[in-house]
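**Student:** Below are the chains, spelled out letter by letter.
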Amino acid sequence: MNEERFMMFETALPEEFAEEAHRPLPKKQPWLAVGALAACLAVAAAVYFTVPQFAPDRMKTTTTAEEATAETEDVAMMRTAVTSEAAPEAAEEAPTTYGASAKTESVAQDGAEDAGSGASRAAINAPADAVDVENIVACGEDAYSSYEETIFRVNGVRCTVRRQAVRPEAALDETVNGTSAELQSELAQSAEGAVDGVPAVLRWNEGQEGQILWQYGGEQFCLTMDEGASFAALTDLAEQVFVTVTE
Amino acid sequence: MNDEQIVSLFFDRSEDALTAAQEKYGGLCLSTARRILPDARDAEECVNDAWVRVWNAIPPERPRYLGAYIARIARNAALDRYHYNSADKRSTQLTEAFEELSNVLPARDDGAPEDRQAFSDFVASFLRSLSRENRVFFVRYYWYGESVGEIARDCRVGEGKIKSSLFRTRTKMREAMEKEGIRL
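Those sequence lines, one after another, are chains A and B. Going by this note's numbering, the first residue of the first sequence is number 16, and it counts up by one from there. Going by this note's numbering, the first residue of the second sequence is number -1, and it counts up by one from there.
Keep in mind that the hints are not guaranteed to be accurate.
What the hints assert, rightly or not - Computed footprint of chain B on chain A, listed as stretches where at least three residues anywhere in the stretch have a Cβ under 8 Å from a Cβ of chain B: (1) 21 to 29; (2) 145 to 154; (3) 207 to 215.
Stated by the list, open to error - Below 27 Å or equal to it, Euclidean Cα-Cα: the simulated DSSO-like pairs (lysine-lysine) are: (4) Lys159(B) with Lys170(B); (5) Lys42(A) with Lys170(B); (6) Lys22(B) with Lys42(A); (7) Lys161(B) with Lys177(B); (8) Lys42(A) with Lys161(B).
It is worth saying that the hints were derived from the structure and are not from the lab. All C-beta atoms in this analysis are idealised placements derived from N, C-alpha and C, irrespective of residue type, glycine included.
Please construct the entire structure, taking both the sequences and the accompanying hints into account.
**Tutor:** If you want it as structure tokens, here you go:
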């Protein structure tokens, strides 16, 4: 064995990965696939039957069938929550936030070009040791300014995962609406990474705040940590919270 | 005693911290060193050195995962010892793993090694491109010298999954090195 080659290889391992190797891997739960679909259907049914502006007669005033089919299912669902100019009274009644649970799930198409190849589900699960978990759904002027946010604390660090629909041409590191323009300019380090095999962009100040962005199924996901950020910490947390199931 | 309590003892400069940490992670440290160093006494000395390094590093550092932190320090201490101990270069679990990998990776024709910094940068970028799971398997096998069985037990996955992950990652690494013109 060539000693020099061996030492070069063995000393080339970045410290962050040396330490990451012995941290516990996020648990993959097999029942999640079925649970995600069941929970999604239950939430959709509950919203449909309990929120007034979702009633079938008012939905007719929100968007045309042609427009709806041109979008992914989840985007169309968000549009119905916003309501159009044709029903201003409904818009006034529309709540800006609702719901609070430890887990959010939805069915999304894997992009328009993959529409025929089967549905992929993306779910955001707060880590097992998270506390103060809060979910917020905010309806904006259109689907692209509406978003869903999961906020929680892990080991005292406040973390936020925001998911929202993105236009197909949006760049991966495009600023997420309302959350990161200011933050991004303050983050000194950046790198490309992956979350569950999906390309991701990371920005952070070592040991301080940071964010990781990735796109999946026509949505952009942005996870931010208020402190303790590093490449490994951001990736690790993102892998824990982001779950996808393809059928 | 949980990790947070042990770290708090380190911050209080209590020697009970070392006792508790050694009780909990002494085995991990020793096995990490033994996979790198062929001589058992060398490994033990190196583990003692690792405890001194841990004592001096905490505080100010406050590791979130104490076991992972200590394993990293033990590995670095063992590699330092391996490097300076030129008399004893018998094969170990780690050197055997490296030989298996180095047979696959592109080597320089003239025998001269690649620029160290360029290679480190390549490794960092390559590892970042992997999923967390594949990266952990790869690092534990080729950088910690753990066997497939050990990794499978600890990560609670099948050995077949780890073997196929290592095979795919080796291939990816070779392709990435060829693409970037990196030689080891």
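**Student:** Each hint should be assessed against the structure and marked as holding or not.
**Tutor:** Quick rundown of the hints versus the structure:
For a cut-off of 8 Å, the count of residues in the stretch 21 to 29 of chain A with a CB near a CB of chain B stands at 9, and the three-residue condition holds. For the stretch 145 to 154 of chain A, the assignment as covered by chain B is violated, since 0 residues bring a beta-carbon within under 8 Å of that chain's beta-carbons and 3 are needed. For the stretch 207 to 215 of chain A, the stated coverage by chain B is satisfied: 5 residues place a CB nearer than 8 Å to a CB of that chain, which reaches the threshold of 3. Taking the CA atoms of Lys159(B) and Lys170(B), the gap is near 16 Å; set against the 27 Å cutoff, the hint holds.
Between Lys42(A) and Lys170(B) the CA atoms are separated by roughly 25 Å; this keeps the pair inside 27 Å, and the hint holds. Annotation: proposed proximity of Lys22(B) to Lys42(A) holds, straight-line Cα distance about 23 Å (limit 27 Å). About 24 Å separates the Cα atoms of Lys161(B) and Lys177(B), which keeps this hinted pair within 27 Å; it holds. Simply put, Lys42(A) and Lys161(B) have alpha-carbon atoms about 20 Å apart, close enough for the 27 Å limit, and the pair holds.
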